[in-house]
Amino acid sequence: MLTEIALKTGRGETLSREEALFLLTEAELLDLGQLAAAVRNRLHPGAEVSFVIDRNVNYTNICTSKCRFCAFYREADDPEAYLLDIEVIFGKIEELVAHQGTQLLMQGGMHPDLRIDWFENLFRRIKERFPAVQVHCLSPAEIIQIAELSAVSMPDCLQRLHRAGLDSLPGGGAEILVDTVRGKVSPNKIGWQAWAEVMREAHRLGMPTTATMMFGMGEQPQDVVEHLFRVRQIQAETGGFTAFIPWTFQPANTELGGETASGVDYLKVLALSRLVLDNVPNIQASWVTQGAGLAQVALFFGANDLGGTMLEENVVAAAGVAFRMSREEIIDLIREAGFTPALRTTTYEVLQAY
Amino acid sequence: MDALISRLHGKIQAGERLADEEALQLFASRDLLAIGELAAAANQRRNGDRVYFNVNRHINYTNICVNQCTFCAFSRTGEAEDGYTLALNHILERVAEARAGGATEIHMVGGLHPDLPFDFYLEMLAAIKADSPDIHIKAFTAVEIDYFSRLAGQPVEVVIEELKEAGLDSLPGGGAEIFNPKVRKRICPEKISGERWLEVTEKVHKAGLKTNATMLFGHVETAADRVDHMARLRHLQDRTGGFQAFIPLAFQPDNTRIPAAKGVGGADALKTLAISRLYLDNFRHVKAYWIMLGLKVAQVALCFGVNDLDGTVVEEQIGHEAGAGSPQALSKMQLIDQIRKAGRMPVERDTLYREVRRY
Numbered sequence: 001m002l003t004e005i006a007l008k009t010g011r012g013e014t015l016s017r018e019e020a021l022f023l024l025t026e027a028e029l030l031d032l033g034q035l036a037a038a039v040r041n042r043l044h045p046g047a048e049v050s051f052v053i054d055r056n057v058n059y060t061n062i063c064t065s066k067c068r069f070c071a072f073y074r075e076a077d078d079p080e081a082y083l084l085d086i087e088v089i090f091g092k093i094e095e096l097v098a099h100q101g102t103q104l105l106m107q108g109g110m111h112p113d114l115r116i117d118w119f120e121n122l123f124r125r126i127k128e129r130f131p132a133v134q135v136h137c138l139s140p141a142e143i144i145q146i147a148e149l150s151a152v153s154m155p156d157c158l159q160r161l162h163r164a165g166l167d168s169l170p171g172g173g174a175e176i177l178v179d180t181v182r183g184k185v186s187p188n189k190i191g192w193q194a195w196a197e198v199m200r201e202a203h204r205l206g207m208p209t210t211a212t213m214m215f216g217m218g219e220q221p222q223d224v225v226e227h228l229f230r231v232r233q234i235q236a237e238t239g240g241f242t243a244f245i246p247w248t249f250q251p252a253n254t255e256l257g258g259e260t261a262s263g264v265d266y267l268k269v270l271a272l273s274r275l276v277l278d279n280v281p282n283i284q285a286s287w288v289t290q291g292a293g294l295a296q297v298a299l300f301f302g303a304n305d306l307g308g309t310m311l312e313e314n315v316v317a318a319a320g321v322a323f324r325m326s327r328e329e330i331i332d333l334i335r336e337a338g339f340t341p342a343l344r345t346t347t348y349e350v351l352q353a354y
Numbered sequence: 355m356d357a358l359i360s361r362l363h364g365k366i367q368a369g370e371r372l373a374d375e376e377a378l379q380l381f382a383s384r385d386l387l388a389i390g391e392l393a394a395a396a397n398q399r400r401n402g403d404r405v406y407f408n409v410n411r412h413i414n415y416t417n418i419c420v421n422q423c424t425f426c427a428f429s430r431t432g433e434a435e436d437g438y439t440l441a442l443n444h445i446l447e448r449v450a451e452a453r454a455g456g457a458t459e460i461h462m463v464g465g466l467h468p469d470l471p472f473d474f475y476l477e478m479l480a481a482i483k484a485d486s487p488d489i490h491i492k493a494f495t496a497v498e499i500d501y502f503s504r505l506a507g508q509p510v511e512v513v514i515e516e517l518k519e520a521g522l523d524s525l526p527g528g529g530a531e532i533f534n535p536k537v538r539k540r541i542c543p544e545k546i547s548g549e550r551w552l553e554v555t556e557k558v559h560k561a562g563l564k565t566n567a568t569m570l571f572g573h574v575e576t577a578a579d580r581v582d583h584m585a586r587l588r589h590l591q592d593r594t595g596g597f598q599a600f601i602p603l604a605f606q607p608d609n610t611r612i613p614a615a616k617g618v619g620g621a622d623a624l625k626t627l628a629i630s631r632l633y634l635d636n637f638r639h640v641k642a643y644w645i646m647l648g649l650k651v652a653q654v655a656l657c658f659g660v661n662d663l664d665g666t667v668v669e670e671q672i673g674h675e676a677g678a679g680s681p682q683a684l685s686k687m688q689l690i691d692q693i694r695k696a697g698r699m700p701v702e703r704d705t706l707y708r709e710v711r712r713y
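Protein chains in written order, with the working numbering: chain A, 1 to 354; chain B, 355 to 713.
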């Protein structure tokens, strides 16, 4: 089967679900890696590996969703619960700009009281003060929560937020886009179709988004494959995904607990993502969850991007993993692997090659 | 580059040796996956799908050391407040704990203590063996053996015999670092030379004890230094056959005194392990020491020609003082799980690579 698959991917043909499942469960890691590297080289013929300077601001940790894999959320009456003041958010953006950052990745919990006017005001004021910063905020679950709390439709909600200054959406909250899995790990969160609808609507409005996958929470290999094909289908309709970002569940301090996915598991899923999602331009390696060592190796398994420098990151850190990298370290990591570092924007325009 | 890979593919199929120049060309190559595939094929021919691990415990009896190697964050001078030497009863307690946890091996190395007499080490071995006759004692680097010889005023051969009689079963292979004298001058100026390390190790092999061989990489050495290091090991192995495993150790930079050294990237680590598998054709085993590599990269190495994931370790200190981010111990089940998830067959071994159990 491997030979047939290699012929197909060599001709640029799409894999079937059965072939993808075979690769994930039966193929040798390096065979999968070679196939993925070939697709990466076809889509990105140069040796460039890109990254963005960004900051994750989590405006609140109060969340009604209470996902079992999450170590970050707090109940509203918890002593550690917080909602950032707008001036505090501005201070963080100032630091981002001082570090030549271009991307503000802002996500929070699903706060029970924050309505659309709060976000409209926030985005307008950010755009007034920091017109050059890309406002890359709010995952689909938050969009739906805001729409419901504000009694507006999801498309109206997105449109109003977009007008107020929301430029693009991060692809978080996708977890595994299969409702049987979601029912077990995030029963209060939107189903996969609602996630897909928000993404389609954002793409219709001309807002680019990414798509993510969090795996290693006890899902089946079939679920991982299904997730990839669902993202592939949305992309075939809209073309609005700029990148796909698989990462692994981090178990510390979570209700779900258990062990994190192994290095081999991660590289296999990453390589398979590159193969199935040959209609999504970029695949990001997640140094935040995998560490610099494995993220560097991932560049040989189909990844062509290292995501952001993340001047601030709270969610993964709450789950017991706190890797930190400076811009210089990311540049070194890319160079030492024999690739060319390229600083990019959220929409993958190269600002500077090193 | 493709020409090199296909030529080497032919050589490996034919059981021919890599030349030094070819190993250097591999270090210069960007084709990590092709190198990995070659190494995996070479390993498959020797070891099949079997990946070994053991249940062991590390005991570092002292951190006081007369040498001041710049790469080391573990050693302390005799005056340091956090210098320590474990009392014999503490050592025996740890051995008993290890035995109760199913360990088959005690791994013991320490600093070159300025005051402890040679008899201390003989008594330590004898006491452990008296308590736990079945446990394998893998202890002391060639550096320590040389030091004992000077301490006791006896030839190395005599020191080895006395240690062996007291209970020493094999040597772990540390202290090799990088053999090139210019590198040693920068990272371990007081340590015995590479030639002396090889000479002492040869005597250990002649006395009938197996050893491993290490290489500390990722500090100030060049690719040529790595190849030279492996060339000397391959040459000695041809003569004695006394080496079991080759263990490339990824340098950990924190709290050490090598300016500008950054540590080892994942790609370099995998490439180095794979090239060592290809070049050291007379070494049966190549070990990914997860303490230094990190567990994720060490596991991935099992697909790059590595056939040994080391042991449960328990309470590792040397790598962690230098900032290693790995855990200090892994359970047997965690090791088995990692090996299985790499698509390999976990085999618990004893120190001499006899099968204890397949999983």
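Hints listed in this document are in silico derivations from the structure and should not be mistaken for laboratory results.
Incorrect hints may appear among the rest.
What follows is a list of derived Cβ distance ranges for each label pair [as the list claims (entries may be wrong)]: (1) B:Pro487 with A:Pro79: 50 to 58 Å; (2) B:Ala578 with A:Glu328: 23 to 31 Å; (3) B:Pro681 with A:Tyr354: 32 to 40 Å.
Each residue gets a CB set at the ideal place from its N, CA and C atoms; glycine is no exception.
How the hints compare with the structure:
1. B:Pro487 with A:Pro79: 50 to 58 Å: Cβ of Pro487 of chain B to Cβ of Pro79 of chain A: about 57 Å, so the range 50 to 58 Å holds.
2. B:Ala578 with A:Glu328: 23 to 31 Å: holds (27 Å)
3. B:Pro681 with A:Tyr354: 32 to 40 Å: holds (35 Å)
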